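Visitor: Residue-level listing of the chains:
4 protein chains.
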Amino acid sequence: MAEETWFDSYVRVRYQETDQMGVVYHANYLVWFEVGRTELIRQLGFSYQRFEGLGFMLPVTEAHASYKKAARYDDELIIRTKIARLEGVRLVFAYEIIRQNDGELLASGETHHIWTSLSLKPVRLERQQPELYAMLKQYES
Amino acid sequence: MAEETWFDSYVRVRYQETDQMGVVYHANYLVWFEVGRTELIRQLGFSYQRFEGLGFMLPVTEAHASYKKAARYDDELIIRTKIARLEGVRLVFAYEIIRQNDGELLASGETHHIWTSLSLKPVRLERQQPELYAMLKQYES
Amino acid sequence: MAEETWFDSYVRVRYQETDQMGVVYHANYLVWFEVGRTELIRQLGFSYQRFEGLGFMLPVTEAHASYKKAARYDDELIIRTKIARLEGVRLVFAYEIIRQNDGELLASGETHHIWTSLSLKPVRLERQQPELYAMLKQYES
Amino acid sequence: MAEETWFDSYVRVRYQETDQMGVVYHANYLVWFEVGRTELIRQLGFSYQRFEGLGFMLPVTEAHASYKKAARYDDELIIRTKIARLEGVRLVFAYEIIRQNDGELLASGETHHIWTSLSLKPVRLERQQPELYAMLKQYES
Chain G
1 MAEETWFDSY VRVRYQETDQ MGVVYHANYL VWFEVGRTEL IRQLGFSYQR FEGLGFMLPV
61 TEAHASYKKA ARYDDELIIR TKIARLEGVR LVFAYEIIRQ NDGELLASGE THHIWTSLSL
121 KPVRLERQQP ELYAMLKQYE S
Chain B
1 MAEETWFDSY VRVRYQETDQ MGVVYHANYL VWFEVGRTEL IRQLGFSYQR FEGLGFMLPV
61 TEAHASYKKA ARYDDELIIR TKIARLEGVR LVFAYEIIRQ NDGELLASGE THHIWTSLSL
121 KPVRLERQQP ELYAMLKQYE S
Chain D
1 MAEETWFDSY VRVRYQETDQ MGVVYHANYL VWFEVGRTEL IRQLGFSYQR FEGLGFMLPV
61 TEAHASYKKA ARYDDELIIR TKIARLEGVR LVFAYEIIRQ NDGELLASGE THHIWTSLSL
121 KPVRLERQQP ELYAMLKQYE S
Chain C
1 MAEETWFDSY VRVRYQETDQ MGVVYHANYL VWFEVGRTEL IRQLGFSYQR FEGLGFMLPV
61 TEAHASYKKA ARYDDELIIR TKIARLEGVR LVFAYEIIRQ NDGELLASGE THHIWTSLSL
121 KPVRLERQQP ELYAMLKQYE S
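Protein chains in written order, with the numbering used here: chain G, 1 to 141; chain B, 1 to 141; chain D, 1 to 141; chain C, 1 to 141.
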């Protein structure tokens, strides 16, 4: 069950993402986390674009990343994403970045979000979009 | 006279801007060009933010960069910017990136822009904002 | 014949790549060009990583981009890349960025490169790696 | 005393750093944190570049950011940085991002680092560079 709540997406490391240490610059993992949650939402049959169309945004209120091994140029990576918590105005995603060729865990992390209006005021998703809330809620794990 | 038409701004190279070649990743020069034209507009007593407040945007239609020597981490750079052409819906900026400690020219370039509405439709600045147009026009060189 | 000399790769626009104009920030097209030439080299059975392993680098000496229509968040794009010129120390790639759902051409461009040693001194590929040179040369178009 | 342990550096928000939400994309705060610690090291009379010259690197092992208010295009920001912990192979920096015109705290965060050799093996700074270690240690707070 817990297995099924992770959603996978894929990226290949771009030269632009490396730095003079010869490895990926650490801030880029947050960008991959964003790719992961975008893809999770798509795999649920929705799209983040549609959230904005409905008048919602989902800004990041906290971001955490823990770096274990370095990703390098041209590595193929799996971004594993799950909904770690959904309640009230808050949504937390958890992530793992896996190197595809050997399954090594390179990094993990979390991002915390709040549901807001287009003018960035917090809103309670469960009231305004109860069906969407319920759909997301069942994938919380 | 020609001297006076260049406007200077300053950046220091960030670690994030380097790549595994040990030098600055080439696309970042376009970001510095943006810093340069923002600063030029500010030095003219205006702001790009205010353009958007007035209902104008200035998207890039062409960008050119020529790379001569590599900028490196922590280098202090001068971004020299001028208005190379202003006519109808079009505005062209020219740029030079100079290494501050020895005056070496590292790169040069141009960006071409069109004036648009907030919905990205082309507009003629000289009709809609004749004073702004006249002000910018006198710095064309 | 000319048809066959274009190599395709694919990206989906990341939220990070947008700006407050609501479209993709123009410098990101240069990053996609890099994705395109990396993939071209891979499709030829080589890898840019291996170039560096052999002691070569391929820094950019000029970059040009022409923007026709805006790419937006979550758009699926095709990056078409070809070898436009190979001679002496120089290599020129040409690119087209196509929106996948309607085939619209969003941007085109070129990057010019020189073959260098790892210490960034120009080298003649055809002397040092004649087979690699010959292989690439047949795809010039 | 505690006052003196914060080191200030300054950035102005670039258009490139915004996203289609109209505010700064969250991953850019990590880049500003890097600007902050680079500047802290410089204000101590050293430079991160020199660390690498001495054979050390300081990769990030953890990054945390907490976002309170949004930074916007062209905002002038103060990056306040301090050495929060130095012991063994580890170094922790803490950060605050302040909007300059009204003193508002926009974000805070931490990055955890380990001292490594150029081949990314952990090293004990206090053994290999006791004077540098002692100098940094006195600013821990």
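Any given hint could turn out to be false.
Stated by the list, open to error - Short derived list, chain D residues pointing at chain G, Cβ under 10 Å:
1. Phe7
2. Asn28
3. Thr38
4. Leu44
5. Tyr48
6. Leu54
7. Lys69
8. Glu104
9. Leu105
Everything labelled a hint here was simulated from the structure, so no lab data went into it. These numbers come from a predicted model, not from an experiment. Idealized CB from N, CA, C, for every residue including glycine.
Visitor: Indicate, hint by hint, whether the structure satisfies it.
Guide: Quick rundown of the hints versus the structure:
1. Phe7: violated (15 Å)
2. Asn28: holds (9 Å)
3. Thr38: holds (7 Å)
4. Leu44: Cβ of D:Leu44 sits 15 Å from chain G, so the hint is violated.
5. Tyr48: holds (7 Å)
6. Leu54: violated (15 Å)
7. Lys69: Since chain G brings no Cβ nearer than about 17 Å to D:Lys69, farther than 10 Å, the hint is violated.
8. Glu104: Interface hint status for D:Glu104: violated (18 Å vs cutoff 10 Å).
9. Leu105: violated (22 Å)
The structure fails to meet hints 1, 4, 6, 7, 8, 9 from the earlier list, while all remaining hints are met.
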